[in-house]
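A.B. asks: Generate coordinates for the entire structure from the input sequences, incorporating the hints supplied.
Protein sequences, first through last, are from chains V and P.
Here the first sequence stands for residues 1 to 180, where the numbers follow the numbering used here.
Here the second sequence stands for residues 1 to 512, where the numbers follow the numbering used here.
Stretch by stretch, here's where chain P covers chain V in the computed footprint (C-beta under 8 Å, at least three residues): (1) 53-66; (2) 121-133; (3) 146-154.
If you are wondering where the hints come from, they were derived from the structure by calculation, not from laboratory data.
Glycine is no exception: its CB is placed at the ideal position from the N, C-alpha and C atoms.
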Amino acid sequence: MPTDLFGFLSRRRFLRLGLAGLGVVLLGGTSGLLLLRGKAPHVEGLRVLDDHEYRTLCSLAAVLLPQGPVFPQGALELDLPRAFDRFLAEEPDYLRQDLRQALVLVELGPVLFDRRAVTFSRLPPDERLAHFQAWSESETLLRRQVALAFRKFMCLVFYDQPTVWPHIGYPGPSFARLSR
Amino acid sequence: MSRLGAIVDLSKEPLAGPLSVEYCVIGSGPAGATAARALGRAGKEVLVLEEGADRVGPALTQRDGEMYDQLYMDRGGRSTADLSIAVLSGRVLGGGSVINASDVVPIHPSVLDVWQRRFGLADYTVQALAEDEAAALADLSASRPDDSLLNRNNTLLRDGCHKLGWRGEVMLHNRVGCAGLGTCLLGCPLSAKRNARIVPIPQAIEGGVRFLTRARALRIEQLGADRKRITVRSLDERGYHEQHHLTIEAKRVIIAAGAIASAQLLRRSGLGNQHVGRGFLLQPQLPIAASFAEPVRCFEGIPQTYAVTQFEELQHPVHGFWGFRIEAIGGTPGIVATMLPAIGAAGQRLMQRYPHIAGALLLHPDAPRDDSILSIERNGRLQIHYQLDAEQVTRFRQSVEAAVRVYLAAGAEEVLVPQTPPLSFRSLGDLPKLAGLTLRPASVPLISAHQMGTVKMGASPATAACSPDGELYGAPGVFVLDSSLFPSSPSSHIMTPILTLAHHLSRRLLSR
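C.D. replies: Below you can see the structure in the form of structure tokens.
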């Protein structure tokens, strides 16, 4: 889906974020951050994302569109993170780079914005939702942009899945039904 | 080059260049297709370049993911630089007319008065354009849908409008044989839309015009008054990556790639004056959702037929056309979900109400603004800089209030402005909440389906990028022919104004 959606992550903004990150690193040390982030499980067959970025995306997908009593399959069960990785593979380099950096930012969100010694993927699930909700409603434009971009992609692809349609009362494409 | 009309898919049949033609038209939407047909019928040798593919019939699958990916620029993800406004435009043979809502609204006469008075377009009179507008309406088979074609989403808006005693109308449309499939914004598999792919393109092919699909025009070089070189790259089947190189030489070039892509091409080519890509209009639209106890099923039937026109000003002293209108709109689940503000289980609960949700768009005419600028970064990334001003926010407060009133009058249980966090209205007593409508960037799903004014026409290069003939100032033989030329909003919907202009400027071009 998106292309210019991530054009907002300009070099200048990333420099600012980089400085914020640098402050964190100076306070906690690179090894401290790596320790906080922990080791992500290895995933075979990814085209763009690394294991850490993929783990962040999976955590985000589960927050945005969770599995539950009404939706027996959430974004994670429908393999949307891998769809996102495939989408990225066909996008220009600058966009791929922006999105990967955005995932790093999300992962470090609790450290950078809540001053907590825990990264996004290691938050308990209910706290992840509250934390990401704060991104959507943030006074900081960049956080709202990141939240909007991931939400748009995940929602568009999730509700386009035939297995989801019975749960929202959508009968599916009308042309195929008429043709039958 | 031969004058045998055809559609050639460059992803499958790479052409060996260089090619040489009289006219190269860049863009196959309503403007490009109409101009190509006129030139072809006049015996000219014409080649049309289109970045998108040719998709008709069952290839239009009605699925959000695939169709936004394949029919829209930037795979449906284009937006302004700060993510405030999703910028939707077509990338398919037939252009935006394949994926629009099929509303037919001609240029308002008062707008032509403004164009004459403010922009020096002295010969753009109602009389001078009458023949062209008639030809546009004939191309579109314009008619007013009868009541049986109005779905519940549209009749609810009409019910509310009638209860309030407001002015409203069923809009003209360009469908013939519509079966109410409900996915006009993803193309019509039944070909019921009389769009550029169905009307002028086949006629242009009969006139000997060749259409190259999956052909991206990278730049235009001015080699002389009667000689231009166009550098083209073919794209792969899905349109993701550039493949082969092709050079075309043409005596004249007509750029009709849509307001954003036309200006982008000119900026990339270093052609045109300082007005190219500046002061453009996006005519932003705000979606509104209303929840009803009864099923609405906005995904069935024609998505957009009824408009509340009570607040449109058709004799505005400065702009000619101003105010706002409210139009019903339906959508497939993916796109509707992207516009709802909640996440997690709360968002899923909202989507469970999908068959009960009515949708409308608040359409605002726009004015040229100094701070809207298109730029291209060194890595090739297009940046569309455009921000709402205070007047627009005030006008949106008025249009949201009107939408709340009309939906509550129609019996809505709740009217939702999809801002994050959302604004919910269950009674008129909630109207003071409107003060919380900020429209700050990336917190509300504004969309632009009507971009224009990126390469404005006007009487002088001091104030405009193109002459009243559509010829680019400083680049003889390079013409622009699409909504890029509009100096202000001509109408709430731009397909008919684009077609009118295309007929008009094609006539002027052929009479030179």
